[in-house]
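Build the full structure now, drawing on both the sequences and the hints.
As they're listed, the protein sequences go chains A and B. Count the first sequence with the numbering used here and you get residues 34 to 155, in order. Count the second sequence with the numbering used here and you get residues 513 to 747, in order.
Hints are computed from structural coordinates only; laboratory data are not their basis. Please note that a few of the clues may not be correct.
Facing chain A, a subset of chain B residues (Cβ under 8 angstroms, in silico) [as the list claims (entries may be wrong)]:
#1 G553
#2 Q705
#3 K733
Just so you know, even glycine gets a beta-carbon here, dropped at the ideal spot from N, CA and C.
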Amino acid sequence: MEWKLAGDRPIWLQLKEQITQRILTGVYPMGSRLPTVRDLAAEAGVNPNTMQRALAELENDGLAVTNRTAGRLVTTDVSVVEKVRDALASKCIMTFYEGMAQLGYDWTEAGRKLEEAKEDVQ
Amino acid sequence: MSNELVHIANLNKNYSVVKALDDVSLDLEPGHIIGLLGPNGSGKTTLIKILNGLLRPDSGTVVIDGEAPGPHTKSVVSYLPDRPYFADWMKIGNIFDLFEDFYTDFDRPRAEYMCQTLHIPIDMKMKNMSKGTKEKSQLILTMSRKAKLYLLDEPIAGVDPAARDFIMDTILSNYNPEGSVLISTHLISDIEQVLDQAVFIRNGHVILHDSTDNIREREGKSVDELFREMFRMTY
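Laid out in structure tokens, this is it:
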């Protein structure tokens, strides 16, 4: 998985989003140990302080926990992960409906379009 | 004293009638990679040369690791000059010998390893090196010291993009929380992600010193874009 960083938003925020994605999709499984700040920073080609901040924010969200002996681990708390997944899903859905609204679809019509698309794919 | 690595106060330097540095004050903490960003002739090289003791300021204070530039600061500062300074007849291996004599913090195995990675033969003479290879050799020497402060004057100007990536990797893998790296350049987009602080310098004045993420958050644009905007040439 590649790191994709745009210049116009804080790098730490983008790093945090991408690590979150990796946790949600199981690239970093629950309860597993995260790579060190140094390794992650080198991999992403970013400043270690920036990566440190991203990981600290991840801890704030409860997605990662620092263990005195084992380093930084992905949480084992399913409810935390599901909460984050839910929040991101809502955001995704809102983006979809807002986009459809800009094309002149109301919610019901947008929903119908979504169903149609599903049938097309199947 | 606080934990500043570099303390600069009211620094002035004139070249005859030109004011190269005009009342510069700047504090740098350990553990950062800082971009010293300004257009040509803005005072970047002058500031770096004063920090490593090659130039004396007309007035003002410079303190590095608790002392004024001198023998102690030279032992903790590793400097990459804006142009290579080694004699043509020298082989890079000769220069390793020299560095081993001069600097107790020179890590020879590391230097040799980097030469291998970049395919630079240890017995190649400076005379026979291309401009880019010379610059890479110089960078290897600079980064092979375990210094507290690295002063890199235009480290990426003359090398190809692949080598540029290698240089960035080298700087990142060499990073330690007690040391700081000050990189002067005007090629910002290439190194922007590696920087966590930026210092903008114009006509010998420091006009901005902030974390790069603060800049992106506040301005909604990359440091490179902000730089281009602030330093746009007007006719």
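**OP:** Would you pick out the hints that fail for this structure and give their numbers low to high?
**Re:** Per hint list: single violation, 1.
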